[in-house]
Amino acid sequence: MLHLAPVRLLRQSLLLLRSELRQELRDLELVLTSTFFTLVVLGMFYLSFAALEKKHTLPAVPGLLWLTVAFVGTITLTRAFDREREADTLRALLAAPVERLAIYVAKAGSTLLVLLVCCALLVPGLASMFPAGQVFWDMPLETVALVVLGCLGYVAIGTLFAAGLAGGGGKNMLLAVILYPVTTPVLMFALVTTRALLDKNPNLPSYLGQMAALDVILLGLGALLFEPVLVGAAPARTAQAARQHARQSLRAAGREEPR
Amino acid sequence: MKRKSELVVPLLFLAAAPLVVYSVQRVFLQTPNERTMGTAFKIFFFHVPMGWLCMLMAVISGVAAGVQLRRRSRTAGAVALAAAEIGFLGGLGVLLTGPIWGHATWGTPWTGDARQVTTALLWLVIAAYLLLRHFGQHASERLAAALAIFGAVNVPLIYYAVKLWKTTHPTTGVVAKLPPEMWATFWPGLSALLLVSFGLFAIRARQLVLVGELDEAYVRLEDSRA
Amino acid sequence: MTPIALPVLITGLAFEAAPAPADNGDYEPAVGTSREEKEILASLEDKAAAKTASDYQHIVWAYGILWALFAAYGLFLWRRSARLRADVDALRRELDRPAARGGPGA
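Protein chains in written order, with numbering that gives the first Met the number 0: chain A, 0 to 258; chain B, 0 to 225; chain C, 0 to 105.
Take the hints with a grain of salt, since some may be wrong.
To be verified - Here are the simulated DSS-like cross-link-like pairs (lysine-lysine), alpha carbons at most 30 angstroms apart as the crow flies:
| no. | chain 1 | residue 1 | chain 2 | residue 2 |
| --- | --- | --- | --- | --- |
| 1 | A | Lys199 | B | Lys162 |
| 2 | A | Lys53 | B | Lys162 |
| 3 | A | Lys54 | A | Lys199 |
| 4 | A | Lys53 | A | Lys199 |
| 5 | A | Lys54 | B | Lys162 |
Note that these hints are calculated values from the structure, not bench results.
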């Protein structure tokens, strides 16, 4: 088995992601609640905006799409990390001999999957409700790329802050307070790109490229900050307990490594 | 050491006092009215420095938060919070005076100019940071630091995004080229504002450090009595 | 109508009445503003200039808000430091209490 750092990181991430998915498949809690919430929001939007004329739906559809993603993303992230907190598994995971980055990647990956399932309902829903959304059917590949890139950027930031708050105990109200202002750049890029898609703008690929670049920046920043934020967010321990804990985890890591 | 640092604040305010008086008399009495905007243009001399102050403090807060995360330094945390508070103040000043100026010159308080939207969004991030520092538990302090870093990184991103977004909206030029006597009024105003703000900033940062030390002292007292 | 305006008007009319010069493409008929229009425009401009030059409402509001903000923050800092000082005094009193068995080295 190779022991290069990136390979190990990838292996651990996949392992954690698989365990996340297995847990999710057991009761489908996240997927069911999030898709239900998506449907509710779609219904609300339909009731509110069904009377719009076609030319007014053109600027409205991108907003509806990404606002729903923001709402659903907040709900999903809150629930995902609530679960961790109830069982206190996050701290156990942090104490385990895995790369912290792998935890971030796995959590972001599972949240992204849930969001994409929701988008699989949301986008066709918008496309059939509003005539301007017809383009989503006409250009499926671009639509998928747009949705994946937008959700990825959102999740890159969201996972970091949701995980940080989960360590801090209580105060979930704060997640929404933090997430909405911080995710505005991604959501704005996504809005612009969606608008370009709906307009059939020939520059669409370059808009998508910019979104991809933004995603890289946000993922990098999230990965860089994940460890310092989370390790510090664990409840303050006495120096002695911390030293003991460090010794234990070192020993555990030593047992694991030289296989 | 302690004595010297205590001198900084009075010195800052002492230096600021004549500058404030000078810049105010320049703004109101010496500088001629701008041709098309008239007296309303005088808002510019404190409006724009407030905007710069807001950006500067956001960057200081982000950098201090980075140091706080790396070094686990409590002083850096205090500096980040103090900077965010001043940045909040500056942002509020810009966001309130901007529409007043806009109303006087363009006839509309809000044009959706890229700079306006960027400032408003940055201000929201600063406000979120303050909320998190204030209502989050002690443990969320490091999370707040991450938020401050994101806030600082967001500034150029948001500006670019808003510019892109604006391609579908009308744009408005804000200020044409300024004649030199306007700049001669601008610089004293800017320096006065910066000196006063840094004075307040220093006071607040020291207060926050003191709060931390006091908490620690109380904890130690409890421990020793137990 | 002012005494000067009449001759001006008449000349204007005369010009208008005069036959156009031989139209070989060199000349365009002159188009101008009448004196009345000019005067109305000038008075409007004066009014507008006077209005922007004496528009004190906006600056009073703007500077009032700015200085009020700083004053409010200063007040907030002052009250904070008063409370801090009270806390420090309380701590000191606590430390000086004879019951204290070796307080922290503060």
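Evaluation of the provided hints:
1. A:Lys199 <-> B:Lys162: 20 angstroms, holds
2. A:Lys53 <-> B:Lys162: With Cα atoms ~26 angstroms apart, lysine 53 of chain A and lysine 162 of chain B stay inside 30 angstroms; holds.
3. A:Lys54 <-> A:Lys199: 15 angstroms, holds
4. A:Lys53 <-> A:Lys199: Distance ~16 angstroms between lysine 53 of chain A and lysine 199 of chain A Cα, so the pair holds.
5. A:Lys54 <-> B:Lys162: Since the Cα atoms of lysine 54 of chain A and lysine 162 of chain B sit roughly 23 angstroms apart, the hinted pair holds (cutoff 30 angstroms).
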